[in-house]
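S.K.: First to last, the sequence lines map onto chains W and F. So for the first sequence, our numbering puts the first residue at 718; every next one is plus one. So for the second sequence, our numbering puts the first residue at 718; every next one is plus one.
It should be emphasised that the hints constitute simulated quantities derived from the structure, not laboratory data. Each hint should be verified, as a subset may be incorrect.
Output of the computed footprint for chain F on chain W, the stretches with three or more beta carbons under 8 Å from beta carbons of chain F [stated by the list, open to error]: (1) 820–832; (2) 836–844; (3) 1083–1090.
Beta carbons: idealized from backbone N, C-alpha and C, even for Gly.
Protein chains: 2
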Amino acid sequence: MDDAGLGLRSTMLDLGRKARQAASGLRAASAEGRTLALSAAARHLRSAQEAILAANALDCETALETGLPPAQIDRLALTPARVEAMAAGVEAVAQLPDPVGREMARWTRPNGLDIARVATPIGVIGLIYEARPGVTADAAALCLRSANAVILRCGSACLMSALAIHAAFEAGIVEAGLDPFAVQLVATPDRDAVGHLLEGLGGALDLLIPRGGRDLVQRVAAEARVPVLGHLEGVNHTYVHAAADPDKARAIVVNAKMRRVSVCGATETLLIDAAAAGALVAPLAKELAAAGCALRGDGRARALAPGMEAAAEEDWRTEYLAPILAVRVVDGLEEAVAHIAAYGSGHTDAIVTEDPHAAERFLRDVDSAIVLVNASTQFADGGEFGFGGEIGIATGRLHARGPVGAEQLMTYKYVVRGTGQTRP
Amino acid sequence: MDDAGLGLRSTMLDLGRKARQAASGLRAASAEGRTLALSAAARHLRSAQEAILAANALDCETALETGLPPAQIDRLALTPARVEAMAAGVEAVAQLPDPVGREMARWTRPNGLDIARVATPIGVIGLIYEARPGVTADAAALCLRSANAVILRCGSACLMSALAIHAAFEAGIVEAGLDPFAVQLVATPDRDAVGHLLEGLGGALDLLIPRGGRDLVQRVAAEARVPVLGHLEGVNHTYVHAAADPDKARAIVVNAKMRRVSVCGATETLLIDAAAAGALVAPLAKELAAAGCALRGDGRARALAPGMEAAAEEDWRTEYLAPILAVRVVDGLEEAVAHIAAYGSGHTDAIVTEDPHAAERFLRDVDSAIVLVNASTQFADGGEFGFGGEIGIATGRLHARGPVGAEQLMTYKYVVRGTGQTRP
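Go ahead and model the full structure; you've got the sequences and the hints to work with.
M.R.: Shown next as structure tokens:
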């Protein structure tokens, strides 16, 4: 390791030590103290709006020069409204019930032992994310609410924005008298920093959360020496059932695809029942095309909407994050469920139907983190679920699944109160 | 890879495929079907008692010849009472509420979306355990209750016993008309089988649970390509506080150490407050010695009980699983908590005190999976918690902590019911 490498290593281990110490402090701090820090952070984010937008303008300039794809620039760019939404999100988290020490269950055994399952913080969390500046504030807020210390590592394309957001957030923590190292940001774009996080910072990290594309998540899952909560891509489906209400179907499909194409809850494949396809494919194709969406269909879909491009096998597995929609005509619910099982990523899938039996079968048989009936897949979001924000949508099967909010960043312990019991 | 290696690989991948298929079947099976299978398995375990004991006698003979340590032989040896306890445990699991499809939470959003968090099985679980035959039945029962398929890999020293137990259990599954591949046992002592499990059996495994010594758990955590639920050693403490009731303290300490020395909930270190040590160390030492326990103390403990061996630094970190107890005199609760944080394994720790403030501080400040007041650490057990059994005691901080029963072997999904909502 050269001098720069040794310097980075020492910097990263130092972040870990400070986070570990801050985690102890957070655990001992009162819920009120953490609420105050969150309210103060929201205030500082608002008053730092100009500085944040100026830093973001620098990031966007560099991104345009380096030719970042449009979907990524959409995720990167901030506006006054987005900064305000960020501050409002932190305020919403401040209003959430404090999860620390919450009794999740309590029961008494025949021998008189009183057993409680009590929520406790995980400890120190490392979050590796891509160039989405808003994640900085969301993640900091949720970790603070759950009394976890966090080390943030953003994509280098949003480093200037993240530094400005972090500075404002930190000012709130300091104002409330808490340890400023509760929320730390890796302040260098050096890619080797990720390697240090994967190694666990000398035992300081309890959990790593990769939030981003398949390559990042798979690298973290393969190389991490600490537990991982994976946030994989969303190859999401909306299935228009034979008994769908046509107006609802059109509104839901257009919203699920086009409301914002760069979010992980966007629908990427439309499955449409043969019984509904005749009446719906042509008007839907027209409406989507008018909204700027390109369609790639299977043979039966193309027969109903001339001019539609042909979908290749690869399209069924693709998270476009772009105004492109794959379209396939299926014969019934079972075929739709089978398609989702074969090609989906277990993120978010919806059915549109007025038939309650079909709805319940879909909800039962599709084993994704989020399954919906008669609603847009774009509701896949912690804020929309009432979590006050999210650190991402977990697509693994362990610990947490779906939107990860403060409650999902907790572990628990068993508290057993006895009166002298010994075990026979 | 030689022919034998290729053969093992193909056998293991086949186990994975069959488990994956069985998992689908289990999910579709009714709760009643799984309850029937569990009751039938308990019946078959009882009627196979002779065959199980005969197989176990072979295992014990080999173990004695190869010089297995006494604690491991204690864990290996079965008696008619232990086989009966095994069957009763399976029956207890049959009586548990079925966790599949349980609504864990449900709420309505201002926009009318009805959101439910619903428990669903994890899928296919691999369990790697040591030479404890009873784990075979416990794990099979809990996985069946939670509708997970399981692949069991036992320590080679108990393979004969495990095969006999597995055969009886499988007969119950078949009798109930369920897929016999729901519970599979790796039928070879070949150590390379573990390597295949670590690689995930071609994507078939959703979760690996290592249950055993530090070496096994650390190897699995380091090498596994699938999520891991670790079951580490129990370096457990009983802290006798200044305000302890002396009779309770004596009864609890003797039980916590000596009831069964080979279980992970056994106390390994006694911390005794300086204020209580004068009156308690000598009689406790006498009582423990009479029960066959060797003591290793720090200087202050030895001054109070002549003849006590000196403890070395290493003793504070040791899970003896033997009739040995490390003893240290501490000055107050804070020192006890600090000792546990420094040397404990986050498994199970107890305080004996009549002071409710001291009790609550200990319960809050000791961050172990199980913390107790005025009760024996040997209660660290899923059965004692009312879980009808356990697959082990998880010592990690993710997904599940403490006793892992059927409820802890579930994941969840969000079921969202709408009436046409789109996201603004």
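S.K.: Please name the hints from earlier in the document that this structure breaks, with their numbers sorted from lowest to highest.
M.R.: none
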